[in-house]
Amino acid sequence: MSQASPREVSLQDLQGSPKRIRRERAFRGLFFGAAFFSIVISAAIVFSLFGEALTFLRNVDLSALIDVEGGWFPRRGRFDVITIITGTVLVSLIAMVVAAPLGLGAALYLSEYARPRVRRALKPILEVLASIPSVVLGYFALAWLSPNIMQALCSQPTSFSLGAAGIAVGILITPLVASVAEDSFRSVPMALREASYGMGARKRSTVTSIVFPAAVSGVVASLILGFSRAIGETMVVAIAAGATGGSLFTVDTCGPGQTMTAAMTSLAIGSDQVRGQEGTFESLFFVGLVLFFMTLALNLLSERFVRRVRLRY
Amino acid sequence: MTQPEIHVDVSRHEGFASRELVFEIKDLSVFYGPFKAVRDITLDIGKSAITALIGPSGCGKTTFIRCLNRMNDLIETARVEGEIKYHGVNLYDKKVDAVEVRRRIGMVFQKPNPFPKSIYDNVAFGPKISGFKGNMDELVEQSLQKAALWDEVKDRLKESAMGLSGGQQQRLCIARCVAVQPDVILMDEPCSALDPIATGRIEDLMQDLKEEYSIVIVTHNMQQAARVSDMTAFFTAEVNEQQDRRTGVLVEYDKTENIFQTPTDERTENYVTGRFG
Ligand SMILES: Nc1ncnc2c1ncn2[C@@H]1O[C@H](COP(=O)(O)OP(=O)(O)OP(=O)(O)O)[C@@H](O)[C@H]1O
Ligand SMILES: [Mg+2]
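One line per chain: the protein sequences are A and B, in this order.
Numbering-wise, the first sequence is residues 1 to 313 according to the working numbering.
Numbering-wise, the second sequence is residues 314 to 590 according to the working numbering.
Note that these hints are calculated values from the structure, not bench results.
Cβ atoms here follow ideal geometry from the backbone N, Cα and C, with glycine treated the same way.
Any given hint could be a false lead.
As the list claims (entries may be wrong) - Pair ranges (Cβ atoms, derived):
#1 A/P213 <-> B/G444: 13 to 23 Å
#2 A/V97 <-> B/D410: 46 to 56 Å
#3 B/K441 <-> A/A297: 37 to 47 Å
#4 A/S63 <-> B/K441: 24 to 34 Å
#5 A/F27 <-> B/D468: 51 to 61 Å
#6 B/N534 <-> A/F36: 22 to 32 Å
With the rest of the complex left out, here is chain A (with noise of 0.2 Å):
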């Protein structure tokens, strides 16, 4: 350093080690080719989906997918979607009227009420309701919710209904919407707050007027985020909302009723039934992709929300 010539400098000195980039390339190659993977799986599971579902649309009369009068029973041939579809929009609407209020509710006093110590209590409890298996919650559906809590609202005893399956997927479904819905109060800057209370607002003002508004596609998102997940939710459903071998078109949620996932569950447990009718085993496929379009759906819309939240500040 202390010379005054410059120092020389050649080709091959910045070149680079030829082992670091070997390995280098390796790594690299190593990712892409489990990010490749993961796309050809998902786009095979697409395929096989739009495959098995052709095959159902050609061998069956497509009047026979819109007929509320037959209702849905696959090994009949009778294949009403209308009936599975409203299934899962009536427990998707009665698990968000649940999952809503508390979600929000909690994700609100989470991130702006809770002092730090109560908060760092709560998180893992969330969690930990997070992590119930669905299978459990199917069984307190039945067990639990039908008698003391259908039983009470629909003043009719009840065992299988919509109503407590609708309720158990709304508890299954808080903790995501409460986390998401958090996480978007709480990437509200802490400078808005101040400014607000800088102006003389009270607390209630500052997060109704303030924090909640700036956190609104966040909040939006998170509900789509819930509905979507409500709308897959298979173990509840088929197990609390009863009408296993197939049901008529019902809105009554005192009663049971049958949603696609619990649709396509009970064509597929019990093999020996599967094979009845011409395409009632495609059938299967074909509410498997309606179902994905619903979702795929419901997932781009809430990802477009989350976005301009980000964008925002």
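Following the hints, complete the assembly by docking chain B with the ligands onto the known chain A.
Only chain B with the ligands this time, still in chain A's reference frame:
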């Protein structure tokens, strides 16, 4: 670091003799948990004047100014000792509601922090929450005019405030603050994120505002303090009893020209002449 502190009895100064006082602060110390951030501050702040707070980073200027409208209540670990009288009323009296305090003593922050709402709604927010019943359009226009922003935004009141430039945003924050018709405006380095032109506009604005409001401003910019303020308080940080952290103290408080031309304390002189540290 063992020089005696100097507490100036401002009422002795001619510039102050005729002035009504807004704040009378006595023996104020502020703690963050066990850490004493500032100690034993005693000073009076006059009405319809601009009071500047200067001093090196970490000497507790922000801590001090946030005590004046009880913003420190929002920090869980913060604790205040001593007395702040606001028009003769003890601000930290148990019966005093911090919300009422902040309606009268507004704050403009270092970084412009407009709400992600329209320009109009930003200004209307304060009056709305404090139950303003009059003509909102008029109030919004007046406030924006006072903040010298009206001409630039009058055609885009419904557009998002996030689309304004930094200087415009800061003037919007001033308009928002003025809209609740406070008695005092606290400004914590309001120009530090702005270019010289925007800074100049805000300084002009402060001169206009001081007729109606008492202003307390924290600034790192010595020229700014000298240009805009009537009174200047110089704070510094000195090593505390435990010798582990530095606690802020008030070194000298006087008419601005005295602080800059004939400071009585060596530390002030070193700081204002740029020989500090
Ligand atoms: N919320 C807090 N919790 C704990 N300590 C704090 C907190 N805020 C400030 N402090 C400490 O208090 C002291 C004074 O900080 P303060 O922000 O008031 O200084 P300042 O004079 O405004 O500095 P600057 O000019 O850099 O803004 C510093 O030592 C700082 O680390
Ligand atoms: Mg500061």
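Structure-based check of each hint:
1. Evaluation of the 13 to 23 Å hint for A/P213 and B/G444 yields a pass: the beta carbon distance comes to about 20 Å.
2. Between A/V97 and B/D410 the C-beta distance comes to about 37 Å, which lies outside the given range of 46 to 56 Å.
3. Checking the proposed 37 to 47 Å range against B/K441 and A/A297 shows it holds: the Cβ atoms sit about 38 Å from each other.
4. Checked against the given bound of 24 to 34 Å, the beta carbons of A/S63 and B/K441, roughly 58 Å apart, lie outside it.
5. The given range of 51 to 61 Å is respected by A/F27 and B/D468, whose C-beta atoms sit roughly 56 Å from each other.
6. In this structure the supplied range 22 to 32 Å is violated for B/N534 paired with A/F36, their Cβ-Cβ distance being about 56 Å.
Figure legend: structure checked against the earlier numbered hints; hints not met, in rising order: 2, 4 and 6.
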